[in-house]
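S.K.: So the protein lines, in turn, are chains V and Z. Those letters in the first sequence? Residues 1 to 634, per my numbering, in order. Those letters in the second sequence? Residues 1001 to 1119, per my numbering, in order.
It is possible that some hints are incorrect.
Simulated coverage check for chain Z against chain V, where a stretch passes if three residues somewhere in it have a Cβ under 8 angstroms from a Cβ of chain V [stated by the list, open to error]:
1. 1044 to 1050
2. 1053 to 1062
3. 1065 to 1073
4. 1102 to 1114
Derived pair list, reagent style SDA-like, types lysine to any residue, alpha-carbon separation capped at 20 angstroms [claimed, not checked]:
5. Z:LYS1119 / V:ALA422
6. Z:LYS1041 / V:HIS513
7. V:LYS402 / V:LYS620
8. V:LYS430 / Z:LYS1041
9. V:LYS620 / V:HIS513
These are computed hints drawn from the structure, not numbers from a lab. For glycine and all other residues, C-beta sits at the position ideal for the given N, C-alpha and C.
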Amino acid sequence: MNPEKPAAPAVDRRNFLKRATSAGTAAFVAAAQQSTADAAPQTSAPAAAVEVLTTDRPGADFMVDAIKSLGFEYIAANPGSSFRGLHESMINYGGNLNPQFITCCHEESAVAMAHGYAKIEGKPMCVFIHATVGLMHASMAIYNAYVDRVPIYMLLGNMMNASTRRPALDFVHSAQDIAAMVREYVKWDDMPMSLESFAESAVRGYRIAMTPPTMPVLLVADINLQEDPVPAGANLRIPKLTLPHPPQGDSGAVQEAAKLLFECEHPVIVVDRSARTQAGLDHLVELAELLQAPVLDQLGRMNFPSRHALNQYDRSRAVLAEADVILGLELLDFWGVVNSFRDQLQRSSTPLVKPEAKLISITVSDLYMKSNYQDLHRFREVDVDIAADAEATVPLLIEAIKRMMTPDRRRAFDARGAKLAATRQQLLEKARDDASYGWDASPISVARLCAEVWDAIQHEDWSFVSYSKYLSRWPQRLWDFTKYHQFIGGSGGVGIGYNAPASVGAALANRKHGRLTVNIQGDGDLMYAPGVLWTSAHHKIPLLSIVHNNRAYHAEVMQAQLMTNRHNRGVDRAQTLTSLTNPNIDFSGLAKSLGVYGEGPITDPKDLGAAIRRAIAVVKRGEPALVDVVSQGR
Amino acid sequence: MKRHLLQIAFAVLAGLSAASAQKAAAPSAGDAEKGRQLYLKIGCWECHGRQAQGGGYTGPRLAPDPTPIEGLIWYVRQPTGDMPPYTAKVVSDQELGDIYAFLRSVPRPPAAKTIPILK
Chain V
1 MNPEKPAAPA
11 VDRRNFLKRA
21 TSAGTAAFVA
31 AAQQSTADAA
41 PQTSAPAAAV
51 EVLTTDRPGA
61 DFMVDAIKSL
71 GFEYIAANPG
81 SSFRGLHESM
91 INYGGNLNPQ
101 FITCCHEESA
111 VAMAHGYAKI
121 EGKPMCVFIH
131 ATVGLMHASM
141 AIYNAYVDRV
151 PIYMLLGNMM
161 NASTRRPALD
171 FVHSAQDIAA
181 MVREYVKWDD
191 MPMSLESFAE
201 SAVRGYRIAM
211 TPPTMPVLLV
221 ADINLQEDPV
231 PAGANLRIPK
241 LTLPHPPQGD
251 SGAVQEAAKL
261 LFECEHPVIV
271 VDRSARTQAG
281 LDHLVELAEL
291 LQAPVLDQLG
301 RMNFPSRHAL
311 NQYDRSRAVL
321 AEADVILGLE
331 LLDFWGVVNS
341 FRDQLQRSST
351 PLVKPEAKLI
361 SITVSDLYMK
371 SNYQDLHRFR
381 EVDVDIAADA
391 EATVPLLIEA
401 IKRMMTPDRR
411 RAFDARGAKL
421 AATRQQLLEK
431 ARDDASYGWD
441 ASPISVARLC
451 AEVWDAIQHE
461 DWSFVSYSKY
471 LSRWPQRLWD
481 FTKYHQFIGG
491 SGGVGIGYNA
501 PASVGAALAN
511 RKHGRLTVNI
521 QGDGDLMYAP
531 GVLWTSAHHK
541 IPLLSIVHNN
551 RAYHAEVMQA
561 QLMTNRHNRG
571 VDRAQTLTSL
581 TNPNIDFSGL
591 AKSLGVYGEG
601 PITDPKDLGA
611 AIRRAIAVVK
621 RGEPALVDVV
631 SQGR
Chain Z
1001 MKRHLLQIAF
1011 AVLAGLSAAS
1021 AQKAAAPSAG
1031 DAEKGRQLYL
1041 KIGCWECHGR
1051 QAQGGGYTGP
1061 RLAPDPTPIE
1071 GLIWYVRQPT
1081 GDMPPYTAKV
1091 VSDQELGDIY
1101 AFLRSVPRPP
1111 AAKTIPILK
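Take these sequences, add in the hints, and give me the full structure.
M.R.: See below:
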């Protein structure tokens, strides 16, 4: 059977309820007379009490209805017996459609796929996770999504009632408080012990995950609740889902911020996870153009067009040095933006902005805090602090500034903008000039690699789903990013092993939109869980992966180098532990073995363009393809 | 105590760099091939690229027009930013002279304007 197109029984909530009321009840029978009598050898062992498990109406069917009511397209999962009830119901009752299973080879891959998917689609993917061991596998990816403030909807098996556990297996796969191990980095978890409360928690969890700051949530589906019959006469209903509107900034504070930005000479807008949607990006452009203020994009999301005249990232230091008002939108680390921190010779920090510069922060992050993991960064010392969703608040700021506008200020703003536009053109030319150095080098320079990819994709509807900071930001320096789906930021927690699965998840989301998903994939990252390549082949997920194969954990090469230098010895030994050579990894062979089209290793830059185009032809046929490029460090 | 140690460390560093500056005046003409090997061996390539083309944000371009040898030695001994220092204990002035010769030998790339895909 084609896994993509299963027969789909029509399911709706009301149907389930009708059928549930006529369902049979669980029966405890003293002894199954017939079967024991038939069992030939006569023994003196006492007849065991048996519990009849066969049922036409398991609780999991109702759970499936609850899950379906939330509109998921997919469930990413690695199979596990602690959700076998849900697994079966999803196939036979739910028809494996809306949502449909995506077979993953590792729970970490499943969650990271959901992470990439959510950043393209703007809504969570469902993930089923096996009790204890599966959750342990998943935990790093959950942490990444938590730090990245991305919604993921996770269902986890577990069995609370010890007397119904199968010996051995169910005991090691159960816990008293199973969510405890990830509670510090999920927004909410729950373990409903009835189907009624499961439905409520299922809807509540979705709403919590989707309310900014969005984050992963975890719902425990008790095994007995999944597998036992729906109790006779159970009054089951699934509550209506209404997503809350994200909070807008206080009107007085917005007015104050608008006045500061309007009256100053050198406003600067710094953005990190500012835009959640295309509308968020468009509003940011409107705000920047209204003020003719430079924008410094920290690349947490696709916030601002890369070639826009006001995109001044490559002049960050100069722009910050003259700033008199800095508006930070959803900045993870405002302190880190306005200070430099030096970790060489002497540890020191230096302010990058004038002491009298006024700082305005708009972020939703303060509305949900936890203490243990330190992703709160250094203390943010600002002048106007607005605890609100930036995307929802920017339109208010625009209106407030428009109301203040005068012809004089308009002229001043336009003059400011004209200067910035001239420098932007120079920055683009400088980027191209910088890229030309090492142009014919082998291993291939990262600039050349990115230029070749751009040349091949620029006329497509492309979506770039890797993190540019490991690529020295070459994509942002050379490519023309304009649309929200063209970039999705990074992993959040910088837990390596994110990129490969997240790119597959993003490509899955892009598939129905017909976009060409492009992933420049780190070699070290891919080696964590390369099984996700098989997932992309199995589910026919079109994805172009270009392996940035620098044959090392390059960030760590540099870190080891810093230490050898600091300690004045063995400066030629930074490759120990950090290199991925001897043998070199054959990524094209790896891809082929997992059913993915593979090219390479490409060592001569002159061969690269054609290899990328051949791979794109495969992707356009609806399949994944990989090109292994032997590249330089950064 | 800690401060005292730091002061000594600074004094030592300052002494080293003064010594380097003196010697830097006359490292004999460097050997570019030796310099290339050393550039790769002791990690300059990690941040500056294998052809010293610059590694984006990890380190600036060093070739084909390197900082004059005196400046190069001075900077390598006590960098002012994120670059890790290489003291005379781990790389000699003579060796840096070889690296300098290598940097000078790196061919100039074609002008960006002549590269079709960079237009």
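S.K.: Now look at each hint and say whether the structure bears it out.
M.R.: Outcome of the hint check:
For the segment 1044 to 1050 of chain Z, the stated coverage by chain V is satisfied: 5 residues place a CB nearer than 8 angstroms to a CB of that chain, which reaches the threshold of 3. Taking a C-beta to C-beta cut-off of 8 angstroms, the segment 1053 to 1062 of chain Z contributes 7 residues in contact with chain V, enough for the three needed, and the coverage statement holds. Counting residues of the segment 1065 to 1073 of chain Z whose C-beta lies closer than 8 angstroms to any C-beta of chain V gives 0; at least three are required, and the coverage claim is violated. Residues of the segment 1102 to 1114 of chain Z lying with their CB closer than 8 angstroms to a CB of chain V number 4, which satisfies the three-residue condition for coverage.
At most 20 angstroms may separate the alpha-carbon atoms for a hinted pair to count; Z:LYS1119 and V:ALA422 meet this at roughly 18 angstroms. A distance of roughly 48 angstroms separates the Cα atoms of Z:LYS1041 and V:HIS513; the hinted pair therefore is violated under the 20 angstroms criterion. Taking the CA atoms of V:LYS402 and V:LYS620, the gap is near 45 angstroms; set against the 20 angstroms cutoff, the hint is violated. Under the criterion of a C-alpha separation no larger than 20 angstroms, the hint pairing V:LYS430 with Z:LYS1041 is inconsistent with the structure, at around 30 angstroms.
The straight-line distance between the Cα atoms of V:LYS620 and V:HIS513 is roughly 13 angstroms, inside the 20 angstroms bound, and the hint therefore holds.
Of the numbered hints given earlier, the model fails hints 3, 6, 7, 8; all others are met.
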